[in-house]
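J.: Using the sequences plus the hints, can you model the full thing?
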Amino acid sequence: MGCIACAALVLDGAGVTLARKESSSIPVEADSICPDRFVGLGPTEIAALPVYYGRRKVTLGDLFEVEGAGAANVTVSGDLKAVKKIGQGMSMGRVTVTGDVGPHLGASMTGGEIVVQGNAGDWVGAHMSGGRIVVQGDAGHFVGAAYSGEPRGVRGGTIIVGGNAGREVGARMRRGLIVVLGDTGEFAGAGMLAGSVFVGGRLGGRPGAGMKRGTIVAFGEASELLPTFRYACSYRPVFLRCYLQSLEAAGLIESPGLPDGEFRRYVGDMNSGGRGEVLVRDQSQ
Amino acid sequence: MHINGVKIEDTFAEAFGMWGSRLIVTGDDLGWARTAAEAATGFATSIIGCGCEAGTNDLAPGELTPDGRPGVAALVFTTSRKNMEAQLLQRVGQAVMTSATSACYDGLAAEEKVKVGGKLRYFGDGFQRSKLLDGRRLWRVPVMDGEFVVEESFGVVQAVGGGNFFMMADSLTAALAAAQAAVAAMRAVPGAIMPFPGGVVRSGSKVSSRYKGQHVSSNTPYCPTLRGQEDSALREGENAVLEIVVDGLSEAAVAEAMRAGIAAACLPGVTRISAGNYGGSLGRFHFALRELVGT
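Read top to bottom, the protein sequences are chains A and B. The opening residue of the first sequence carries number 1113 in the numbering used here; numbering runs sequentially from there. The opening residue of the second sequence carries number 227 in the numbering used here; numbering runs sequentially from there.
Be aware that a few hints might be false.
To be verified - DSS-like cross-link-like pairs, simulated, lysine-lysine; straight-line CA separation at most 30 Å: (1) Lys345/B x Lys1324/A; (2) Lys1324/A x Lys233/B; (3) Lys1169/A x Lys1133/A; (4) Lys1193/A x Lys1169/A; (5) Lys308/B x Lys345/B; (6) Lys1133/A x Lys1193/A.
Calculated directly from the structure, the hints in this document are not laboratory data.
T.: Listed below in structure tokens is the structure:
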């Protein structure tokens, strides 16, 4: 798989723009930066929406310059590394983040699209059930994972990470697709219930630990699998071509050639019923 | 009206409402895809004896298959949605799933669906797995060469069946040449198929018989060997007749296929082009030959 191609996803018209006024490492809980919250509001009303700056309740206008109106397109720029929960719970519209962004981006979203032209923090798309998140750079830990104590994480939608991602990508996901074009940390797909995790680079250690069902695909190298995974066969998975064709048609990946080669199929985790699978592309081809 | 000296009769083809589905059958190469699609659409010449009418269609130029492999479209026509489900279950289950390297996808963006993969999946004996991609559920059924991928449900639309035209010629050689030229031209029309062998039917029928329990019988007025014994619809010098039947996913597809076919069939040795109808009282769709070729 090639690198991410998001030219088609760049903001293409007027909408709301939010520019961070000052840099700060103080965490901002900005779940009000969400197209659903902007419906029918002008810049003054949007600027009056509440956010938490540390433990202080302030308004968006205190931290951001707000311009424009309309919920369909929202652009957020400036120092956003400490800004959390952008697009949390969104169901429609498009959010474009220029630069790096903090954790919980698009958590629990049900629809719409978020594009990050930079890196993202931990918990990207945690518990999302629809829509699409594209992170052109790297993402932190727990991409599409379930929060601690929650039995199920992502229940739908698509997350694409153009760079690397940290540990526990897609942990306990129930449905949906997570694509990491770079490397992943340990425990990708740990405890998966269903869904798909594709890794273009190196698949980190102990993938699929405790997975019940679901699919983890390593297009690059894979760390040694746990002994609770059994080798089944080498074959050409046709369904994989459907995914890659769909992603390529949507402009989300550039594929120099669909992988019609062989994949080694491992089934597991036998400790959890053994109905999941890890597919590792045969690098000898 | 004449085209290249061939008379186009002032008559019309009478066609009927049907239900249509379009399958995309893929394989490791085009040969395997075509093998699977042709097996699935085999023995599907006439709704009377086969339960459905079906045929293969090349993909539209630039049309990609869902898995990016070479593929062929298979069009299936039935008299009801219920029959469609039964036919697709049998044909996909017995002919596509059994064909090496095959996969089968819905090729219609239709609101109404019939469940196919959602039932065939039980062949997987509990080891079948599904994937939800872009709102479409795909079933992965384990088979001995890997996995058979089949879509959960297939679209079904109201369609048109029974468009037709006859080519009367002075010899069988001329009739065959005309029919083959017509079929070649018609195969380029997306959304239309000619369900009979090679796209051509020689045993046209009439809906009566002198035998009890026999509902249809040979179209004796068009049988050259019976001239002199029976009332004949053939003229002096006409020694062979071939018919082409067309089913389409839309009225426009049938009309375009007929237009292309009639134009291509007007070759030396062909005397007339005509069409079959029941006086216009039975079928909802009427395709006037002269209007078709005049446009």
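J.: Given the hint that Lys308/B pairs with Lys345/B, does the C-alpha gap stay at or below 30 Å?
T.: Between Lys308/B and Lys345/B the Cα gap is close to 14 Å, so the pair holds against 30 Å.
J.: Between Lys1193/A and Lys1169/A, is the straight-line Cα distance small enough, at 30 Å or below?
T.: holds, 19 Å
J.: Please verify whether Lys1169/A and Lys1133/A have alpha carbons no more than 30 Å apart.
T.: Holds. Lys1169/A to Lys1133/A sits at ~17 Å (cutoff 30 Å).
J.: Take the C-alpha atoms of Lys1324/A and Lys233/B, compute the straight-line distance between them, and say whether it is at most 30 Å.
T.: Not satisfied, since the Cα-Cα distance of roughly 70 Å exceeds 30 Å.
J.: With a cut-off of 30 Å on the C-alpha distance, tell me whether Lys1133/A and Lys1193/A pass.
T.: holds, 13 Å
J.: Tell me if the straight-line CA distance from Lys345/B to Lys1324/A falls inside 30 Å.
T.: Holds: Lys345/B and Lys1324/A sit about 24 Å apart, inside 30 Å.
When held up to the earlier numbered hints, the structure conflicts with hint 2 and nothing else.
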